[in-house]
Structures are given as C-alpha cells and as structure tokens.
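Enquirer: Sequence:
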Amino acid sequence: MAMFFDPFREFDRMAEQLFDRQGPRLMPMDLYRDGDHYVLSADLPGIDPGSVDIDVDGQLLTIRAERTARSAEGVKWITRERSTGSFLRQLNLGQGIDTAGISATYDNGVLSVLIPISEKAKPRKIEVQRSVGGAQEVTPELTA
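The sequence shown begins at 1 in the UniProt record's numbering and counts up one residue at a time.
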C-alpha cells in the first residue's frame, strides 16, 4: 500500500485538533442572484439532514449542522481528515429580502437555500409624466 505524507497537512490537522476542537467549523458556500431570488449553496457532505437547523432572526440567517464521528471500536486509524462536530454560517440578509419565503433543500451533500427578494425591493419602471409650460399635463375628463 502506498502512503503519502505531507508534513504541512499533518501540522494543520494537529493545530485544528489542538486549538479549534470545540468550536464550530466553517462551511464553504457559494451565493449568487438568479432573477428575483438569491441562491446559497453550502457544502455539507456526510451531514445528517435532520441535524441541519436554519433560523432567521430579524435579518440574520443562521445555518447550523452537525457531523458526528462514526464510532468504530477496536479500529486503528491510519488517517482521519474529515472534521466532525458543529458547522456554523451566519449571513446578514439586508432589508430587501422576503424572510417568510426562504426555503431549503439538501441533496448529495449540498444544502441549497433559496432566498427570495421582496416585491418592494424588485426593480420596477417609473412612468414619467410630461409637463406643458411648467404644469403637469392632465387629460381632461369628459363631463356630460
């Protein structure tokens, strides 16, 4: 069996275990706008979907997830690089978001969160009124 040893990777792994063992891990994510909503895609491979918790408090979106260690008694680990524990991500949503319409799905290790833009924040066309001689042009009403 071929073994690959990278001393820097081992140092990073040991530092993570020593200094950040109890704290939440950061989940990598992409965020983009697609029409009238934002799409957040977060990588959470190996996470039980039942452990994912998404909260909105005011304009703060919080995503929490948990990856538990597989208990394997009597095994001798050769390498163990997949982190276990809590994962956390928080985003400030801003004012133009429809927080009541946020939805989420989990598929193939990727959490997708759809964040709709509120109607009042969507772009709209403003009609320009034409004025004649400094006064706004008004169409006369017909009276009988």
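Bear in mind the hints are in silico, worked out from the structure with no lab data behind them.
Check before you lean on any hint, since a few could be wrong.
Unchecked claim - Here are the simulated SDA-like pairs of lysine to any residue, each with C-alpha atoms no more than 20 Å apart in a straight line:
#1 K120 / Q90
#2 K120 / T99
#3 K120 / G58
#4 K122 / A100
#5 K125 / T99
#6 K122 / H37
#7 K122 / R70
#8 K120 / L93
#9 K120 / Q95
#10 K122 / L31
#11 K122 / I102
#12 K122 / R33
#13 K120 / Y38
#14 K120 / T105
#15 K120 / G101
#16 K122 / G94
#17 K122 / G101
#18 K122 / L40
#19 K122 / R80
#20 K120 / G94
#21 K120 / R33
#22 K122 / G35
#23 K125 / L31
#24 K122 / L93
#25 K120 / S86
#26 K122 / K76
Just so you know, these numbers come straight off a predicted model, no measurement behind them.
Enquirer: Look at each hint and say if it fits the structure.
Expert: Status of each hint after checking the structure:
no.: 1; hint: K120 / Q90; result: violated (24 Å)
no.: 2; hint: K120 / T99; result: holds (13 Å)
no.: 3; hint: K120 / G58; result: holds (17 Å)
no.: 4; hint: K122 / A100; result: holds (16 Å)
no.: 5; hint: K125 / T99; result: violated (24 Å)
no.: 6; hint: K122 / H37; result: holds (10 Å)
no.: 7; hint: K122 / R70; result: violated (46 Å)
no.: 8; hint: K120 / L93; result: holds (15 Å)
no.: 9; hint: K120 / Q95; result: holds (10 Å)
no.: 10; hint: K122 / L31; result: holds (18 Å)
no.: 11; hint: K122 / I102; result: holds (16 Å)
no.: 12; hint: K122 / R33; result: holds (12 Å)
no.: 13; hint: K120 / Y38; result: holds (16 Å)
no.: 14; hint: K120 / T105; result: violated (26 Å)
no.: 15; hint: K120 / G101; result: holds (14 Å)
no.: 16; hint: K122 / G94; result: holds (14 Å)
no.: 17; hint: K122 / G101; result: holds (15 Å)
no.: 18; hint: K122 / L40; result: holds (19 Å)
no.: 19; hint: K122 / R80; result: violated (47 Å)
no.: 20; hint: K120 / G94; result: holds (13 Å)
no.: 21; hint: K120 / R33; result: holds (17 Å)
no.: 22; hint: K122 / G35; result: holds (10 Å)
no.: 23; hint: K125 / L31; result: violated (27 Å)
no.: 24; hint: K122 / L93; result: holds (15 Å)
no.: 25; hint: K120 / S86; result: violated (36 Å)
no.: 26; hint: K122 / K76; result: violated (57 Å)
Violated hints, listed in ascending order, are 1, 5, 7, 14, 19, 23, 25 and 26; each of the other numbered hints is respected by the structure.
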